[in-house]
Amino acid sequence: MNQQLPFSTDIQIAICGSAGDGTIATGDILKRAMARAGYNVIAFDLYPPEIRGFGKCIARTRITSEQVYALKPRSDVLISLNDAYAIPHVHEVDDFGAVIYDDTPIAAVQEGEHISGHLAPAHLPYAIPFREISERTTSGAKSRNMVAVGYLAGLYGIPREVFHDIIQSKFKTKPAALTESILTAFDAGFVEGVATFHLGFNVPSEAPQSDEKDDVIMMSGNDAVVRGCLDAGIKTFFGYPITPATSIMEKLAVEMPRQGNSMVQTEDEISAIAAAIGAGFTGTRSATATSGPGLALMTEMMGLATIAEVPVVVFVSQRGGPSTGMPTKTEQSDLNLAVYGATGDGQRIVLAPTNVEGCYWCAGKAFEMAERYQCPVIVLLDLYLSNRYEAVVLSRINPFDQDCNTGVPKHQTDKPYRRFEITDDWLSPRAIPGEKGLQHVITGLEHNEFGRPNDQADVHAQMSHKRHQKLHAALTHPDITICKRFGDTGQVQIGLLGWGSSFGEILEALFKAQGEGITCAAMKVVMLSPFPTSEVIAFMDDCDAVLVPELNYQGQFANLVGAMVGRSVHRFTRVIGTPLHVDDILVEVRRLCDDPTAPPTPVNPATTQEKLT
Amino acid sequence: MTSVTQPVYLEEKLEDIRESGRLIYRSKALPTWCPGCGYYAIVEAMTDAMNRLGILSEDTVVVSGIGCASRFPFFVDTYGFHTLHGRVLPVATGVKVANEALNVIGVGGDGDGFAIGGGHIPHAARRNVDITYVLFDNGIYGLTKGQTSPTSVTGFETGTSPYQNQDNPLNPLLMLLSYGASWVGQAYAGNPHHLASMLEQAIAHRGFSYLHVLSPCVTFDKTSKTYRNLGMAIRDLPDQHDNRDLMAAMIEARHQETPALGLYYKEERPTLGDGLKTIVERSRNKE
Ligand SMILES: Cc1ncc(C[n+]2csc(CCOP(=O)(O)OP(=O)(O)O)c2C)c(N)n1
Ligand code: SF4
Numbered sequence: 001m002n003q004q005l006p007f008s009t010d011i012q013i014a015i016c017g018s019a020g021d022g023t024i025a026t027g028d029i030l031k032r033a034m035a036r037a038g039y040n041v042i043a044f045d046l047y048p049p050e051i052r053g054f055g056k057c058i059a060r061t062r063i064t065s066e067q068v069y070a071l072k073p074r075s076d077v078l079i080s081l082n083d084a085y086a087i088p089h090v091h092e093v094d095d096f097g098a099v100i101y102d103d104t105p106i107a108a109v110q111e112g113e114h115i116s117g118h119l120a121p122a123h124l125p126y127a128i129p130f131r132e133i134s135e136r137t138t139s140g141a142k143s144r145n146m147v148a149v150g151y152l153a154g155l156y157g158i159p160r161e162v163f164h165d166i167i168q169s170k171f172k173t174k175p176a177a178l179t180e181s182i183l184t185a186f187d188a189g190f191v192e193g194v195a196t197f198h199l200g201f202n203v204p205s206e207a208p209q210s211d212e213k214d215d216v217i218m219m220s221g222n223d224a225v226v227r228g229c230l231d232a233g234i235k236t237f238f239g240y241p242i243t244p245a246t247s248i249m250e251k252l253a254v255e256m257p258r259q260g261n262s263m264v265q266t267e268d269e270i271s272a273i274a275a276a277i278g279a280g281f282t283g284t285r286s287a288t289a290t291s292g293p294g295l296a297l298m299t300e301m302m303g304l305a306t307i308a309e310v311p312v313v314v315f316v317s318q319r320g321g322p323s324t325g326m327p328t329k330t331e332q333s334d335l336n337l338a339v340y341g342a343t344g345d346g347q348r349i350v351l352a353p354t355n356v357e358g359c360y361w362c363a364g365k366a367f368e369m370a371e372r373y374q375c376p377v378i379v380l381l382d383l384y385l386s387n388r389y390e391a392v393v394l395s396r397i398n399p400f401d402q403d404c405n406t407g408v409p410k411h412q413t414d415k416p417y418r419r420f421e422i423t424d425d426w427l428s429p430r431a432i433p434g435e436k437g438l439q440h441v442i443t444g445l446e447h448n449e450f451g452r453p454n455d456q457a458d459v460h461a462q463m464s465h466k467r468h469q470k471l472h473a474a475l476t477h478p479d480i481t482i483c484k485r486f487g488d489t490g491q492v493q494i495g496l497l498g499w500g501s502s503f504g505e506i507l508e509a510l511f512k513a514q515g516e517g518i519t520c521a522a523m524k525v526v527m528l529s530p531f532p533t534s535e536v537i538a539f540m541d542d543c544d545a546v547l548v549p550e551l552n553y554q555g556q557f558a559n560l561v562g563a564m565v566g567r568s569v570h571r572f573t574r575v576i577g578t579p580l581h582v583d584d585i586l587v588e589v590r591r592l593c594d595d596p597t598a599p600p601t602p603v604n605p606a607t608t609q610e611k612l613t
Numbered sequence: 001m002t003s004v005t006q007p008v009y010l011e012e013k014l015e016d017i018r019e020s021g022r023l024i025y026r027s028k029a030l031p032t033w034c035p036g037c038g039y040y041a042i043v044e045a046m047t048d049a050m051n052r053l054g055i056l057s058e059d060t061v062v063v064s065g066i067g068c069a070s071r072f073p074f075f076v077d078t079y080g081f082h083t084l085h086g087r088v089l090p091v092a093t094g095v096k097v098a099n100e101a102l103n104v105i106g107v108g109g110d111g112d113g114f115a116i117g118g119g120h121i122p123h124a125a126r127r128n129v130d131i132t133y134v135l136f137d138n139g140i141y142g143l144t145k146g147q148t149s150p151t152s153v154t155g156f157e158t159g160t161s162p163y164q165n166q167d168n169p170l171n172p173l174l175m176l177l178s179y180g181a182s183w184v185g186q187a188y189a190g191n192p193h194h195l196a197s198m199l200e201q202a203i204a205h206r207g208f209s210y211l212h213v214l215s216p217c218v219t220f221d222k223t224s225k226t227y228r229n230l231g232m233a234i235r236d237l238p239d240q241h242d243n244r245d246l247m248a249a250m251i252e253a254r255h256q257e258t259p260a261l262g263l264y265y266k267e268e269r270p271t272l273g274d275g276l277k278t279i280v281e282r283s284r285n286k287e
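One line per chain: the protein sequences are A and B, in this order.
By our numbering, the letter at position 98 of the first sequence is numbered 98, and the numbering carries on one by one without gaps.
By our numbering, the letter at position 245 of the second sequence is numbered 245, and the numbering carries on one by one without gaps.
If we strip away everything but chain A, and leave its shape as in the complex, we get (with noise of 0.2 Å):
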């Protein structure tokens, strides 16, 4: 969203509590609630592994003025719904910021254990009876949540209208009595949030028009491939359901239906994948989605997709690992497994997207490129990314390529078909099941034009070259930013070069390191492979020194630049699970400001892991 608002607002709430307290259910509708207000909205959310039970989350959502790209390293505000999970997080909390929690009475609970004895002089306390309001006007404790969202809309002097319809839509298939009963509570909370002295904080007396011809959504990353999908015209999907995939799954499951479509759930990830590519045999669209343990299953499966010459997309989005590794952890280690998991020479299209929104066009234009260029395309994402909210804007008119098959010419029908004929773009008429005359065989054997069985060296040499040629246009398919340069022009002191869900991290940190009076530049990839190659080395000339910041521990990316353009990067690595520090980048930035040959720091030195808890 890039609407000009009257002010400059930029405030960054925390809302922790146990899954038990409601604390993700909080978090969306304040989200929800600030996008239709008119604002940025960048949100995040922290749940345990567990399912049940009353593991540690954490809902953080950034609202601002101004179009923003990643968390804030600290929060403005917290709101507790447990002492004991959100005490540690009381130093993130800024020097001036608000915390707001239940107050309890001390004597009730072991010294300590009162979250009121361990903030620092510079927070603002906001010590509320959450419960005890909940219990007075609802039938009981259950509804604290909504009282806590309530008081901090009337403390900062939220319409509470916005709220209200938020909570309505949210609940709108549940008991009418439910959600009245939250509405009250809500409403009591905002009273008590109005009769407090008030934070300077800026709202829109009524919500930003839109654009006509655009709608303004909240959505996380994983909703956003959903809609990518069906924009796309997606007419089967074959999935096994995984962290942090599976959302990705279950919305097709309800949406496909509704298009006369099918989603069928598998028995396994090879099942996925190759019922995909069964389907992407006969013509038509279809995809399956999963995470790191299942691209490591179907990587069998890509490579056939590959020497078939099969339309697949695959959507991964990555955790933390190796094998089963953190499910619930963001990582972006599938990189090599994504880029070059195959058996033989497996080319293939892997687009990685950095936001919600680029999640849409990335998942759309998958379905493209899978049909034009004939082969299999990963839309690599990771649990930061599919879970993260953004307001992004949409264009109602469906931007996508329905068609973008090369189909067999009529005239063409009398002669022996040649499904793997070399022409001069290197790609082949495809015949589908059904057309009449033109019955063929597809193998992931080595094969010749005809597509018969054939593995003399010429042969094989001939259509490596085939398969590897015809992506190169990939690199210029219409409508899709295959990498793209931010700050400043000309020569830079610093290059920042990013890919995926951190390069909101990486933006952010320029803007810092140029404040700083650093010269600074920064691009993002999208298109990991085939690599924008002489984009990459332009951008490169440009830059003193070059870092590459990504969430893994062997600089997967870097060693991916490094391969591509033979040069050395600057390396800057963490697996801590959650996204990159905007500061820890900024660190790092001005240590090879001022020396270019530094050493790269150690992943995850003591300084960041004391930071997350």
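Keep in mind the hints are simulated off the structure, nothing from the lab.
Each hint should be verified, as a subset may be incorrect.
Stated by the list, open to error - Derived list of chain A stretches under chain B, where covered just means 3 residues or more per stretch with a C-beta under 8 Å from a C-beta of chain B:
id, region
1, 230-243
2, 272-279
3, 301-310
4, 516-529
Even for Gly, the Cβ is constructed at its ideal location relative to N, Cα and C.
Go by the hints and put chain B with the ligands onto chain A.
Structure of chain B with the ligands alone, referenced to chain A:
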């Protein structure tokens, strides 16, 4: 069993085949199998069955895995997908879900189906995907030159079981019956006419049909499932066998040493495609 009582003249036989019209279903590629391999009979029986059903080549997709058996799609003139070892059924399911109008036939060997691909069979069966799965069982890995397979008999000696295989063989028919396959039958490559008629019924069945074809590997199995041994062991299903009776089918399927040919079990029930249509309707009613 038909036994040859009169001399067969090649000329006359070829004339018959040409006249039947089934040659249109043969591709121009010559099979790459060893002379005498049971799989030749399966191709011939398949073209015969397709011809009798009058199905269109262009509306038919044959999906296979990897193995000697899985070379099959190259020898019939339909659309074909020679996929990966063990993945016949998932790929075939994808083809069918995407285009219900296609006739989808899956083929593969016993290793392909019951070793590496064993996890997929129950799911294709229980979902009643409207495809035909023809499993060529030679009790050995042919393509990799003779190793033990999940249907090899105990005591079988191969390259990977030089001191004799100690494992029990699987019982594919019993498995398919308990997985919920809606059509289960058995045929023998040494009896191509019966094989053709079984294929015809299997393809005509609406739902997941499983045809188990016993077929000797003449090159790597000289002792176990040879034409001679199989020819002596096989029998027909008893005349009174009721192919609507699942328990009766299971009892017959238990006699692996004396395999009975014929239709074990058949039931009519909604297919995966039917289920997906129901889901479409329900989603629209819920909107
Ligand atoms: C993933 C994988 N593992 C192993 C192989 C090697 N391989 C090819 S065919 C085959 C076994 C074939 O046996 P079967 O399926 O019984 O078919 P047959 O050759 O006897 O017809 C094996 C193990 C392979 N191609 N792929
Ligand atoms: S190796 Fe065996 S199964 Fe394979 S073609 Fe030869 S005889 Fe047939």
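Taking the hints in turn, this is what the structure says about them:
Requiring three or more residues with a Cβ within less than 8 Å of a Cβ of chain B, the coverage given for the region 230-243 of chain A holds, as 3 such residues are present. For the region 272-279 of chain A, the proposed coverage by chain B is satisfied: 7 residues have a C-beta within less than 8 Å of a C-beta in that chain, meeting the threshold of three. Residue count for the region 301-310 of chain A with a Cβ under 8 Å from a Cβ of chain B: 3. That meets the three needed, and the coverage hint holds. With 0 residues having a Cβ less than 8 Å from any Cβ of chain B, the region 516-529 of chain A misses the three-residue criterion, and the hint is violated.
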